[in-house]
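Chemist: Chains A and B, in that order, give the protein sequences.
Every position in the first sequence, counted from 1, becomes a number in my numbering once 5 is added.
Every position in the second sequence, counted from 1, becomes a number in my numbering once 40 is added.
It should be emphasised that the hints constitute simulated quantities derived from the structure, not laboratory data.
If you're wondering where the values come from, they're calculated on a predicted model, not measured in any experiment.
Quick reminder that beta carbons are idealized off the backbone N, C-alpha and C, glycines included.
Any given hint might turn out to be false.
To be verified - Chain B is faced by these chain A residues, among others (derived, beta-carbon under 10 Å):
#1 F129
#2 L132
#3 I134
#4 G136
#5 E138
#6 H140
What the hints assert, rightly or not - To give a feel for the contact side, a few chain B residues facing chain A, derived at Cβ under 10 Å:
#7 P47
#8 L94
#9 V111
#10 T125
#11 W134
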Amino acid sequence: MHPTMGLRRGLKLPDSEIAVQHNLKHHFADMEQQKETSTFGMWVFLVTEIMFFGGMFAAYLIYRLSYYNAWVAGSQTMEIQLGAINTAVLICSSLTMVMAVHSAKLGNRKLTAIFLILTLALGFAFLGIKGVEYHTHWVHHEVPGADFHFEHAGNYDPRQVAIFFSLYFAMTGMHAMHMIIGAGLLTWLLIANARGRFSPSYNSPVEMVGLYWHFVDLIWIYLFPLLYLISHHHNG
Amino acid sequence: MSEHAHPTVKTFVAVWASLLVLTALTVFAATLELGPLNAIVALTIATIKALLVLLFFMELRYSTALTKVAVVAAIFFLMLLAGLTLSDYLTRGWSSYINPFLH
């Protein structure tokens, strides 16, 4: 039997007080301290994520300066419309995520569920569109490997374009993997929310997944211009 | 720390709309021939978007000083990573040693 069960029967504590006692881990002084610790811990994790993606961004930057012509040629195979739509999809999913956190803080379970489902749906829409793009690259033999073939039409070595595509798939692939993990986390939140785990006094998991989801949006905010836009009007 | 100040739904919708407008703007800017400025314009817009997401969606504006320090440290080390790596690569041609990456 859970320790708060006796309290609930005997002392007639208000529900919010029971929720606090149930969710407060013994090594924290109060809910406030516990929440600040979660937030800081999540940010430290996100900082390591920033450095992880930062390494790939640095590699991309150096190669673009070294193999500029090949980089322009590779970049111009990207479909800007699809990239732009996906950017909008992610921005909308960030809004629905922030609304899910807001609803959870107000203790509105129904709205929390609706916004979590919308976020999940937009996440899958993003992955679907990304899948269409990957398929086009696959069909055009633009996936690095034995089957790689690039129409050579400029002052560069086609193998340099293969390096561009390697980084393109590494960066967007790692980004997509983060989205898939995010979809898993959203599903977990949906189940916990349906079981009534969150309340105005305890909603840190929703908020932490929110931070993660926005971080994934943040990475895409830089991937989109770097991969799709900046070489659009340049000559390779 | 402003005690328990929290952004309102209105703020979220305004940030969302700004992000969409900035996305349209950056796509439009890519259709212009600006030479090296294309990258600078695109990355400036991206950074404004990133700041909007960080400050309002991720509520950094309302976070504790400790959290802000962690994020600023990340940005600092990211600059260090890009800055020092580029200062190496971009100056290799200046070296009087034989450069294995160029020959």
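Chemist: Are the hints correct? Go through all of them and say.
Modeler: Hints versus structure:
Interface restraint check: F129 of chain A against chain B, minimum CB-CB distance 20 Å, threshold 10 Å, status violated. Using the Cβ-Cβ criterion of 10 Å, the hint placing L132 of chain A at the interface with chain B is not satisfied: the shortest such distance is roughly 19 Å. The criterion of a C-beta within 10 Å of any C-beta in chain B is not met by I134 of chain A, whose closest approach is roughly 15 Å, and the hint is violated. Annotation: G136 of chain A was flagged as interfacial toward chain B, and the flag is violated, the nearest CB pair being 21 Å apart, outside 10 Å.
A least Cβ separation of about 16 Å between E138 of chain A and chain B goes past the 10 Å threshold, and the interface hint is therefore violated. Interface restraint check: H140 of chain A against chain B, minimum CB-CB distance 23 Å, threshold 10 Å, status violated. Given the 10 Å rule on beta carbons, the hint for P47 of chain B holds: about 8 Å separates it from the nearest Cβ of chain A. Among the interface hints, the one on L94 of chain B holds; its C-beta lies about 7 Å from the nearest C-beta in chain A, closer than the 10 Å criterion.
At about 6 Å, the closest approach between the beta carbon of V111 of chain B and any beta carbon in chain A falls short of 10 Å, and the interface hint on this residue holds. Interface hint at T125 of chain B: satisfied, since its Cβ lies 5 Å from the closest Cβ of chain A, which is below the 10 Å cut-off. This hint is violated: W134 of chain B has a C-beta 15 Å from the nearest C-beta of chain A, more than the 10 Å allowed.
Of the numbered hints given earlier, the model fails hints 1, 2, 3, 4, 5, 6, 11; all others are met.
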